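Those protein sequence lines, which keep their order, are chains A and B. Residue numbers for the first sequence follow the working numbering, beginning at 1302 and rising by one. Residue numbers for the second sequence follow the working numbering, beginning at 1302 and rising by one.
Hints are supplied without guarantee of correctness; some may be wrong.
Any copy will do: because identical chains look the same in the list, a pair fits if it lies in one copy or spans two.
To be verified - Under the rule of at most 30 Å between Cα atoms (straight-line distance), these lysine-lysine pairs were calculated in the DSSO-like manner:
id : residue 1 : residue 2
1  : K1582     : K1533
2  : K1635     : K1618
3  : K1387     : K1324
4  : K1406     : K1613
5  : K1396     : K1470
6  : K1567     : K1582
Keep in mind that the hints were calculated from the coordinates and are not lab data. Since this is a predicted model, take the numbers as computed values, not measurements.
Here is how the chains run, residue by residue.
Number of protein chains: 2
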Amino acid sequence: MDLKDIFQDNYLNKEVTLKGWIKNHRRQKEFGFIDFSDGTCFKSIQLVYDNSLPNFEEISHLLVGSAIKIQGTVIESQGNQDIEIKITSLEVLVKSSEDNPIQPKRHTREFLREVSYLRPRTNLFNAVFRVRSTVAGAIHKYFQEKGYVYVHSPILTANDGEGAGEMFKVTTFDLANVPKTEDGNIDYKQDFFGQKVGLTVTGQLQAEAYALAYKKVYTFGPTFRAEVSHTKNHASEFWMIEPEIAFCDLEGLMDIEEDLLKYLIKYTLQNCPEEMELFNKFVEPGIIERLKKVLDTKAVRITHAEAIKILKESGQKFEFEPKDGEDIATEHEKYLTEEYFKAPVFVKDWPKEIKAFYMRLNDDQKTVAAVDLLVPGSGELMGGSQREERLAVLQKKMQELGVPEKGLEWYLDLRRFGGGLSSGFGMGFERLIIYLTGVDNIRDVIPFPRTPNSCDF
Amino acid sequence: MDLKDIFQDNYLNKEVTLKGWIKNHRRQKEFGFIDFSDGTCFKSIQLVYDNSLPNFEEISHLLVGSAIKIQGTVIESQGNQDIEIKITSLEVLVKSSEDNPIQPKRHTREFLREVSYLRPRTNLFNAVFRVRSTVAGAIHKYFQEKGYVYVHSPILTANDGEGAGEMFKVTTFDLANVPKTEDGNIDYKQDFFGQKVGLTVTGQLQAEAYALAYKKVYTFGPTFRAEVSHTKNHASEFWMIEPEIAFCDLEGLMDIEEDLLKYLIKYTLQNCPEEMELFNKFVEPGIIERLKKVLDTKAVRITHAEAIKILKESGQKFEFEPKDGEDIATEHEKYLTEEYFKAPVFVKDWPKEIKAFYMRLNDDQKTVAAVDLLVPGSGELMGGSQREERLAVLQKKMQELGVPEKGLEWYLDLRRFGGGLSSGFGMGFERLIIYLTGVDNIRDVIPFPRTPNSCDF
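Let's have the full structure, built from the sequences with the hints guiding it.
So, in structure tokens, the structure goes:
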């Protein structure tokens, strides 16, 4: 039996048996109260016991964290909650000790990062990681029900990831004694894969190959960046969702992105009401309102040139001056989504020089069919493009941007054999969770975060 | 519009517009037939055209693989299928070339591995990877609906994975110039994470930490083995599912494993009938019958000692003689599941010496509460155990098996602070797909397989 069942169904005046943990314990001379949870729902329940129990003495000394098995009767509560449980027996399963770091008091998030294996036992992190799980489930549900094929793109790769970021090297070499060729270079032929291999920074190119077989596919897996960055937005290991849709243009892609975003917001509000209430109260006041507003708002669609024009004419004093042909800074994103449009904003048709080689060249020969989705409160949430299906155009672009064909022959083959006609986008899963919970440090939305000099547990 | 819709709903005599690819093309002087698919379902449809079309000449030269957009009317078929489409217009989107390796003929699986980015365009692999996606979706559906929390266990880890297998090293060192300490050792303090880090071989230990917060959790992510093994069962990168349930004993664990197995079989048969029909016809005749039989059979539960006794008394000539206290070989698994019981078999209570340190010591002090699930046709499909919750017993076991506490202090902490009471199992996802499809080489059930000396695309 789960505690969740007791809250969902009518168990009033019924006998129940539960196993779970002590969250808080107030004992008096002749009776005591235990705040009890079994982890199956966000809420805990109050257990009441008195000295009629044979092991009253043992019970009254139980510390926070201890695992117990209880039997009792569900009764109407005298306190804040509707119901509580009057215990008729309590068996101790595993006692916790005095030095349990998790106590019923406020812990700083910095402290809890140092015991990340214990932090889901706290209210805040219990809520964060349940939402993380629920949203991951919702992503699979969304794509599976719409007939997308889930592709496990490879983690180990010899592609160097189209410059999306620094890669970790993967090897089985004895690092104290790396084999060299006669001319003094590293002899990768002797390594496990017979070539230089690293951890993927994106599964997009492989997803494209599958979109050309199934029309609609998505990836959802870990990706890696070896950049030494200590901001609250950067982790070395994070999860990405990369849908790819054949025969879809940029307008169609924006429709899908907006539909997915609204689906995930709605799903989270519906399925995690207690967790969202906690974030709304203690993490980011107003977050529920902010998310609900997105549901009722149609996202704006503007070109990069239009965005720059709006920024230039805004009369705002920006740290970085908005310029034609250049990237849009965080402060610009903020102005567009929070001040000017007060809505999610798609910025499309980016200058070709600052975007990746595989993005489709527009007829103006200057911009590519790329689109970023900016959302109020979080900035860029999704980034996508229509892919260049014209082999000659693609090859010319690779040359211009200095992307060697070697290693990407297979990607060119996709065009040679009737393909390349797809659009797709990437969404950082943690960025989404930050957006949905208001918990604004990536280290606090990953169960065991990996950052420079930090790879614990 | 998807081709899938046309097969599912009644489109007879209706106008339709589709985009997809040419799978086969037979042209005659005045008309032609195109076998057409858009990838949204396993079946393809026949397109019929004639020389009344203005671009008849262009169409009649189209090669297999070409991407086209067609309009036409759904009509009753003269051929094998119920319906076909009489084309009223055809637009060429991307032409394929003569040297397209994927042609409407039989290709060997070995050849197709060399073009793994194209092989989902063939019938067999289209079926395999759609089943892979469907089953992955079913796993999430199963656990999410039962209230399990999905945990992303870390891929990068400093734990050395309880000896489950050889680990890949992950580094940002310049391999030509690895920094050394004064006494000549590798100076891992200068590496990205400030310590020696590798790719995970299991997410179990981290899943345990989360089971002690949520009661029921599961992982589903990639794991890695750096073993140089060239068998058809071994890949260097594969996906694992590792559920972990607090307050669950070994009997409860077996209930969950059996329920999951039957759920996945039923789900696959129901949701991929055409794909299963293909496997049944061309890959493993009788596989549907074999899987259905499992649904109607209660799995057997025996101890390791009982299994050895049965094997010893079998009168069979085994290559490896079954021995008390030793592992069970593939031929033994085969005999137990296919000859003796003709059913899935749980083998539990294994000799403690040959199992991992975290498995709970039974009262006999000789065996541990571990269980392997063996299935007819595939051998071991799941491996699990009840975890040792008694701190002193766990520490003694680690000492006996030579597992250092350093690096695992946090795992011991889980016991110190009221935990350790859980059971869990691991299931190799590819092994499951092999079991469900009959496609018996792991390289053929992973989109882009990674094996020694092979890391392409």
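A quick look at each hint next to the structure:
1. K1582 <-> K1533: Answer is within; shortest intra-copy Cα gap is 22 Å, inter-copy 54 Å.
2. K1635 <-> K1618: Within one copy, since 13 Å is at most 30 Å while 74 Å is not.
3. K1387 <-> K1324: within (17 Å within a copy, 69 Å between copies)
4. K1406 <-> K1613: neither (49 Å within a copy, 60 Å between copies)
5. K1396 <-> K1470: Result: close neither inside a copy nor across copies, 44 Å intra and 38 Å inter.
6. K1567 <-> K1582: Within one copy only: 19 Å inside a chain, 44 Å across chains, cut-off 30 Å.
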